[in-house]
Amino acid sequence: MIKIKTKFSNLKAWTYLTPWIVGFVVFTGGPIIAGFLLSLTRWNMLGNPTFVGLDNYRSLFSKNSDFGNTIKITLIYTILAVGLSVITALFLAILLNMDVKHKAVFQFMYFVPSVMPSVVMAGILLLMFNKDLGVVNWFLSLLGIKGPNWMGSSGYIWVVIALASVFSYSTGQMMITFNTALKDVPTDRYEASALDGASSWQQFIHVTLPGISSILLFNTVVATVNSFNSSFSMLFPLTNGGPGTSTQVLSLAIYQKAFKEFDMGLASAMAVILFVLVAIIGIIEFRLMSKD
Amino acid sequence: MKNKNMKAAGRYLLMSIVALIMFFPIAWIFINSLKTLGGISSFPPQFFLKHPQWSNYRRVLLTPNVLNYFRNTLILIAGNTIGTLLSSSIVAYPLARMNFKGKSAVFSLIIATMMVPTVTTIIPQFILFRSFGWLDSFLPMIVPSFFAGPYNVFLFRQFFKTIPKSIDESAAMDGLNSWQIFIKMIVPLSKGTFITVGVLSAIFWWNELFTPLIYINSESLKPLTLGALNAFKLDGGQNVTAWNLQMAFAMLMAVPPMLLYMFASKYLMVGNGASTGDKEG
Numbered sequence: 004m005i006k007i008k009t010k011f012s013n014l015k016a017w018t019y020l021t022p023w024i025v026g027f028v029v030f031t032g033g034p035i036i037a038g039f040l041l042s043l044t045r046w047n048m049l050g051n052p053t054f055v056g057l058d059n060y061r062s063l064f065s066k067n068s069d070f071g072n073t074i075k076i077t078l079i080y081t082i083l084a085v086g087l088s089v090i091t092a093l094f095l096a097i098l099l100n101m102d103v104k105h106k107a108v109f110q111f112m113y114f115v116p117s118v119m120p121s122v123v124m125a126g127i128l129l130l131m132f133n134k135d136l137g138v139v140n141w142f143l144s145l146l147g148i149k150g151p152n153w154m155g156s157s158g159y160i161w162v163v164i165a166l167a168s169v170f171s172y173s174t175g176q177m178m179i180t181f182n183t184a185l186k187d188v189p190t191d192r193y194e195a196s197a198l199d200g201a202s203s204w205q206q207f208i209h210v211t212l213p214g215i216s217s218i219l220l221f222n223t224v225v226a227t228v229n230s231f232n233s234s235f236s237m238l239f240p241l242t243n244g245g246p247g248t249s250t251q252v253l254s255l256a257i258y259q260k261a262f263k264e265f266d267m268g269l270a271s272a273m274a275v276i277l278f279v280l281v282a283i284i285g286i287i288e289f290r291l292m293s294k295d
Numbered sequence: 008m009k010n011k012n013m014k015a016a017g018r019y020l021l022m023s024i025v026a027l028i029m030f031f032p033i034a035w036i037f038i039n040s041l042k043t044l045g046g047i048s049s050f051p052p053q054f055f056l057k058h059p060q061w062s063n064y065r066r067v068l069l070t071p072n073v074l075n076y077f078r079n080t081l082i083l084i085a086g087n088t089i090g091t092l093l094s095s096s097i098v099a100y101p102l103a104r105m106n107f108k109g110k111s112a113v114f115s116l117i118i119a120t121m122m123v124p125t126v127t128t129i130i131p132q133f134i135l136f137r138s139f140g141w142l143d144s145f146l147p148m149i150v151p152s153f154f155a156g157p158y159n160v161f162l163f164r165q166f167f168k169t170i171p172k173s174i175d176e177s178a179a180m181d182g183l184n185s186w187q188i189f190i191k192m193i194v195p196l197s198k199g200t201f202i203t204v205g206v207l208s209a210i211f212w213w214n215e216l217f218t219p220l221i222y223i224n225s226e227s228l229k230p231l232t233l234g235a236l237n238a239f240k241l242d243g244g245q246n247v248t249a250w251n252l253q254m255a256f257a258m259l260m261a262v263p264p265m266l267l268y269m270f271a272s273k274y275l276m277v278g279n280g281a282s283t284g285d286k287e288g
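Protein sequence lines, in the order shown, are assigned to chains A and B. Just so we're aligned, residue 4 is where the first sequence starts under our numbering, counting upward by one. Just so we're aligned, residue 8 is where the second sequence starts under our numbering, counting upward by one.
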């Protein structure tokens, strides 16, 4: 009798899961397998794909390919975007946890950039960093510095990208969760360490950080995931991979190969590599998280 | 005492400086949206305008297709929000409130799929939707939301778990089946979560660039993000000609998500440690 009942309730539970099962097979699991198979072919979307084995991977890793550079830029972007948005979010949350007036106003102003569409943010950054009429170069000129051509320099462009990461969706979202997490750190721990004569920096290291370590890791994982998506939505309107290929991250390269050049096989090979990269980063971060 | 006041003033000053930096982009958009084209290129930049050009906003709204962009974005938001709320809440229900075989495996798989970036699956999805004849329509962007995005399932599950189990038990005693318990008990108790997920989905689709860029060709079907790229030639800033109009357009795009945030902030701020991150439709 009990056995029948559990069987029945298993069936019931799985019925509720149906939308997810279909979605997983059709939109995630299926495409991952299909993408791998496509990466073994040459196909320009006309006619049938031709099986070419590992040729696409070979050409990606061949000597005269730009792909190594793309991977490098992707990693730099990921570390920069994740690092800056996590640090900014934590900093903003700490500020919001201080005892001041008009906190709601500050909270709103800190959160605003993160709900702005990335195309809009890209637009205003392009205007602010314009070498002739930008407000940034005007400000620098007040300090007697001749501002560079930000958007046209493969080095300075990263300053603009860094600022875009500070103003990103991730930052605002993490600020909210950090804000909540900081409130949950027991106040008596602060009091105890204050009695021991700890400075506020020591308090931050020995009380605050351990108190929020699990949410810090969670946020880092989520920010990493976000950065792979936001790398496209931010960089496409902001730099479109340029100048040259100096900001050509994987997501831009895949878009270019697949939807501009219709080289579906090669683009799929890049997507497979991105998937592996994400999986490795994900496993590392989850390991750290479960250790905690 | 004096020392304490100094400290408070210092904190206030620090918070204000940071607020100025964070708020500068939107403020600068607003100021520039009211300049003449000549005013934009005047150096040093003008911060206070003698003659704000409110007509810039009218000119943007009268530009062909701009109203269409708004309509199309609203269609994407409506479709995705309905699809997401329905499917994600239903899928999260057994994960939060039932015991069944394979539950932890399903949940791990959902967490794992949260990590899969859109670009890694977009090519096969594109080919699939092309074979359905769905290119250049909203379907490739709306239909998937009816099949439960992992992130939203996760959010619903986290909240559903906090509802006391005794509610289900007493409802079951009254003869309600699991579906009735879901509709009559769980859903009304989770209003805040529905609003949170709905608002996050709306903001996401208001801002979404990648999928429309791939699926939409017709000018008349483009959402706001493509409109911004397109009408004002926002590709690496090479060909921008009418900065003031572009900034007016940017302002019109930036304000609605801000208002939505203000409306929903009391729900979003609750953030049970789960309300972070990107949410796929």
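Please keep in mind that the hints were generated in silico from the structure rather than gathered at the bench. On a predicted model such as this, the values are computed, not experimentally measured, just so you know. Incorrect hints may have been included.
According to the in silico footprint, chain A covers these stretches of chain B (three or more CB under 8 Å from chain A) [to be verified]: (1) 25-33; (2) 68-81; (3) 110-121; (4) 143-156; (5) 170-182; (6) 225-236; (7) 264-274.
Residues from chain B that keep clear of chain A, each with C-beta distances beyond 12 Å, as calculated [as the list claims (entries may be wrong)]: (8) 61; (9) 85; (10) 260.
Ideal Cβ placement from N, Cα and C applies to all residues, glycine included.
Do the hints match the structure? See the list:
1. 25-33: Per the Cβ count (6), the hint holds.
2. 68-81: violated (count 0)
3. 110-121: Since 7 is at least three, the answer is holds.
4. 143-156: Since three or more residues must qualify, the claim that chain A covers the region 143-156 of chain B holds, with 5 doing so at under 8 Å.
5. 170-182: violated (count 0)
6. 225-236: Coverage by chain A holds here, the residue count being 4 at a Cβ distance below 8 Å.
7. 264-274: holds (count 6)
8. 61: holds (19 Å)
9. 85: Residue 85 (chain B) is indeed farther than 12 Å from all Cβ atoms of chain A, at 18 Å.
10. 260: Contrary to the label, residue 260 (chain B) does not stay out of reach of chain A, its closest Cβ about 5 Å off (not over 12 Å).
Hints 2, 5 and 10, counting from the list given before, are not met by this structure.
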